[in-house]
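J.: Take a look at the letters that make up each chain.
2 protein chains.
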Amino acid sequence: MTYKAPLKDMLFVMNELAGLSTVNTLPGCEDATADTVEAVLEENAKFCANVVAPLNHSSDKEPSFWHDGQVTTSKGFKDAFKGFAEAGWQGVQHPTDFGGQGLPKLVATPCIEMLNASSISFALVALLSDGAIEALLTAGSEEQKATYLEPLVSGKWTGTMNLTEPQAGSDLAAVRTRAVPQGDGTYKVFGTKIFITYGEHDLTENIVHLVLARTPDAPAGVKGISLFIVPKFLVNADGSLGERNDAHCVSIEHKLGIKASPTAVLQFGDHGGAIGTLVGEENRGLEYMFIMMNAARFGVGLQGIGLADRAYQQAVAFAKDRVQSRDLAGSAGPVSIIHHPDVRRMLMSMRSQVEAARALAYVGAGISDVAHHHEDAAVRASNLAVYEYLVPIIKGWSTEMSQDVTRDGVQVHGGMGFIEETGAAQHYRDAKILTIYEGTTAIQANDLVGRKTVRDGGAVAKSIIGQVRETEALLAAMDGADFKAIHRALVEGSVALEAVVEYVAANMKTDIKGVFSGSVLYLKLAGIVLGGWVMARAALVAQAKIDGGEGDAGFYKAKIATARFFADHILTQASGLRTAIVEGSAGVLALTEDQF
Amino acid sequence: MTYKAPLKDMLFVMNELAGLSTVNTLPGCEDATADTVEAVLEENAKFCANVVAPLNHSSDKEPSFWHDGQVTTSKGFKDAFKGFAEAGWQGVQHPTDFGGQGLPKLVATPCIEMLNASSISFALVALLSDGAIEALLTAGSEEQKATYLEPLVSGKWTGTMNLTEPQAGSDLAAVRTRAVPQGDGTYKVFGTKIFITYGEHDLTENIVHLVLARTPDAPAGVKGISLFIVPKFLVNADGSLGERNDAHCVSIEHKLGIKASPTAVLQFGDHGGAIGTLVGEENRGLEYMFIMMNAARFGVGLQGIGLADRAYQQAVAFAKDRVQSRDLAGSAGPVSIIHHPDVRRMLMSMRSQVEAARALAYVGAGISDVAHHHEDAAVRASNLAVYEYLVPIIKGWSTEMSQDVTRDGVQVHGGMGFIEETGAAQHYRDAKILTIYEGTTAIQANDLVGRKTVRDGGAVAKSIIGQVRETEALLAAMDGADFKAIHRALVEGSVALEAVVEYVAANMKTDIKGVFSGSVLYLKLAGIVLGGWVMARAALVAQAKIDGGEGDAGFYKAKIATARFFADHILTQASGLRTAIVEGSAGVLALTEDQF
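First to last, the sequence lines map onto chains A and B. Numbered continuously in full-length UniProt numbering, the first sequence closes out at residue 596. Numbered continuously in full-length UniProt numbering, the second sequence closes out at residue 596.
Possibly wrong hints are sitting among the right ones.
No distinction is drawn between identical chains; accordingly, a pair holds when it is met within one copy or between any pair of copies.
To be verified - The calculated lysine-lysine pairs, modelled on DSBU-like cross-linking and capped at a C-alpha distance of 35 Å, are: (1) 61 - 545; (2) 156 - 82; (3) 223 - 462; (4) 188 - 82; (5) 513 - 484; (6) 78 - 61; (7) 484 - 545; (8) 484 - 320; (9) 223 - 156; (10) 509 - 557; (11) 513 - 545; (12) 4 - 557; (13) 509 - 320; (14) 513 - 320.
Because the hints were derived from the structure by calculation, they are not lab data. From a predicted model like this one, the values you see are computed outputs, not experimental measurements.
With the hints as constraints, model all of the structure from the sequences given.
T.: Structural data, given as structure tokens:
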């Protein structure tokens, strides 16, 4: 149950697909030279493998627990977080002004993947802090930035996102938490928030809660929500800790997975009111929260990729070790089960989907860097549009994929997979949260359809499909069965995706429920086709390296074979998905409520 | 978290698709009149819903536990099993000669589904007893039958299957447990067996272990395995219990799911030898065990169907109750989430797959009854061949389906689904064993390919496809968009299945690893196409009923809509699967072991 970071694949994707050599020419990104990046990744990989990964299983067996308002995290977490903070890992992508390393998102991305592969439960605290930092950087006052950013970036404190309430779930229009202005620039906050990741813990001396609440005269619905900073301990002018604030953890949840991550119910204001300060302007809270959410959604996509890779690595190790039954092609005695074709099929399915989702996410990170750092505003804007289109796909598809992969991971282990001691079952349990939090897959899909596709009549989607077509032209010129199969499947996929984009754009006004009946399937189709596209690009690069006699031929050959597998086994789902989307809404919507 | 048996659908399938009116004309099956069957199912449904279903969640929270060799089952299990036995439910399908009800398999099938929907953990003890009864009926001596069958059929005692050993897993050739003849007709058995479901418990005073072991001069491999009865307590000539046998439970497993079902490690012979008697002839143990296995495999398929239906019912109840966000088509305030298209899509996906798998399993049960009771040996033989083809599909596809469905079940619940208190997560955990025990999906698929398809060059498979084509002809003559869509999808599916059957039959000798690379996908394809076929038949019946003004039009309309959904969303996966099977083995097999 060890974890070895796939540095070779990560660096391949960064250099060959995600444009590191372009990113590190952008203003502010110059430090991210290929050598520096490789050194950063190697150090991060060591920390993750040696310090965090060994805690994953033990912390599942002995989760964080609540007693009298305090949460004690799993054994080893406190030291590990101290190490994480001291090494500066919280600050990889954050500004040097506040103590960060100021590296591009493309470089932070593999670090986040590695941390999550090591332990999702542990990595969550860092993910939430990242979100809080992003929100404060965008909307915080100078004073708020001065007070909170350095401790958050350094890992001295951590951050949380407080959206959900018992009656509200994903529906933020229903938020009821109140914030009453005190006339001194502060507010008193009253309400209950649930599902607050690391809402209470013992890793740091303070916790910076970012809380959605309504001011007294706020309009109803999502347009009346404001964002507040409500620290666990108030902060004195000199940065030292003041009084304990009236924000208390009244319980934590008993969950299917990520058991070491405390999921808190937080009570604000039961003892007179929790002191908070407004972030940005009143009634713009949702907008600021989306900054956190979008950063977090991309991060949750990486959680899926990291977790799936961990499950894959564990399944491979088991399959090489476990000896059972003869080889189908004939052997004197039993062989390791990696010789059995269906075990191999499962491993290739796991591998190919992990590699495809990784490549797509890293490509997205590179585009995000261009969108944020390029000197030309038009280039920034066009890249931002592409990045925004990709975020729900990266989040939704990578996390759904992680559930397929961790399920296969248990299956490879056979009966042993069902025994908790083995550890494969934990991945299966942990994965289930990923398609739910930070917006369910359906919410990602609504975003993909409603905002990212319909807002421009599918123009961005089609521009990406145009890039897929360019890759298809390159594939068509290649020799050999592998490239022929990849080409055929990618063409079938891009045709299906284009048809669906046109269907969505054309029918949104006249048949909104019909279109949304297929929204999750559209997200899945987009993930498969774009995943197939980046794998195809990877195969082209790999063949060029082999032809040029460069590098590790075994690695490149495996990449081509993995792309071929993805084309034959995953991309071939595209046409069926198109039919289900375009023809399938009648069946979705036919029943009356009482027929269920 | 209640469970309501879907009696209306069960009776519809039995009467309209699975041929109850033919089955109850078979010799020995005459008691199964439509009225009797309905009464039996209603009584069983009451028992399951009132007595067993309420234990499912509580028994997961407080599982069976081991102390000093004894296993205490979850609260309520002992009384529930007493009620189960006293009502005669263990004996539904077993011969009246031994106290059973002697009803056809087609009637036992919904009873088994209901019991499993109520609690898989509880139902397992009955499932294992069924297997032991089948084996003794087939291969037991008159004395063994006289001693063991009545107590097993009445539920006074229970039975177990002891195959797996720590080093052996699914590979029975590696069984090491020894059985040494004592010269008095008994044997002393020595060895360790793992993963023994209900290998120890407190529900009954005795447990009848059926154990695979090797006699001293037995040949190596599976041809040297014999089957022994090793009771927990020896049985005196008058049927009373004698001495405690040397078969002891040394621990039980800590598992992902089915936690209330004790999974035992049994140690035979550590204190001088466990006394056993040979079942049938030496070295034919595997053959007898397969009798148990085949009965059990069909039963595990029903576990998948029952569990999936439970998850579906729970998701529907939550979706009707949970109010969140406005209706897409416009509403003043938030609506219950069943109004949201993607929730509806998930519910229809769950529903349609449950109904399809149920219909296929019940059709299989009806065929099994003909295969066992028909007067004409040729009819028996041809039906047996079809039934044997269907068993791995019913087991493999229904259980894989249950993992898709329980995953959607959690997803419908959103964040609440991840909290164990809700109960949806338990189904997701419980489902994972079903594709593993009684032969993994790959083992089912190997059976489907190696024995059930290749042994006759695909003849049985093609005869079934011929029946699908007959249904297609009927569909082609129907009016309306629903039937048009169902027809198109079924034709696409049957074409794909036929192509795959031909590929398998043609390539087995020259490319065995290539063929087995796609074996699980072939099983899935067969499940989808045959599931689509029985749903199409159901839709045709439903339309005829509507046209004839018979019965509940709402039920029949829902059946047509559900068949339409299955066609558009599930059957449309068929072509992609064909490509993955026929073209996809290169990608499966390309990597060397060290490239993983």
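J.: Now, for every hint given, state plainly whether the structure supports it.
T.: Verification of the supplied hints:
1. 61 - 545: Classified as neither; 45 Å inside a copy, 56 Å across copies.
2. 156 - 82: Close inside one copy (8 Å), not across copies (60 Å); limit 35 Å.
3. 223 - 462: Classified as within: same-chain Cα gap 32 Å, cross-chain 62 Å, threshold 35 Å.
4. 188 - 82: This pair counts as within: shortest intra-copy Cα distance 32 Å, inter-copy 60 Å.
5. 513 - 484: Answer is between: at 22 Å across copies they meet the 35 Å cutoff, but 39 Å inside does not.
6. 78 - 61: both (17 Å within a copy, 30 Å between copies)
7. 484 - 545: So residue 484 and residue 545 pass the 35 Å test inside one copy only (19 Å; across, 50 Å).
8. 484 - 320: within (31 Å within a copy, 49 Å between copies)
9. 223 - 156: within (34 Å within a copy, 66 Å between copies)
10. 509 - 557: between (48 Å within a copy, 28 Å between copies)
11. 513 - 545: Intra 48 Å, inter 30 Å, cutoff 35 Å: inter-copy only.
12. 4 - 557: Within. Shortest intra-copy distance 21 Å satisfies the 35 Å Cα cut-off; inter-copy 54 Å does not.
13. 509 - 320: Answer is between: at 27 Å across copies they meet the 35 Å cutoff, but 54 Å inside does not.
14. 513 - 320: between (48 Å within a copy, 18 Å between copies)
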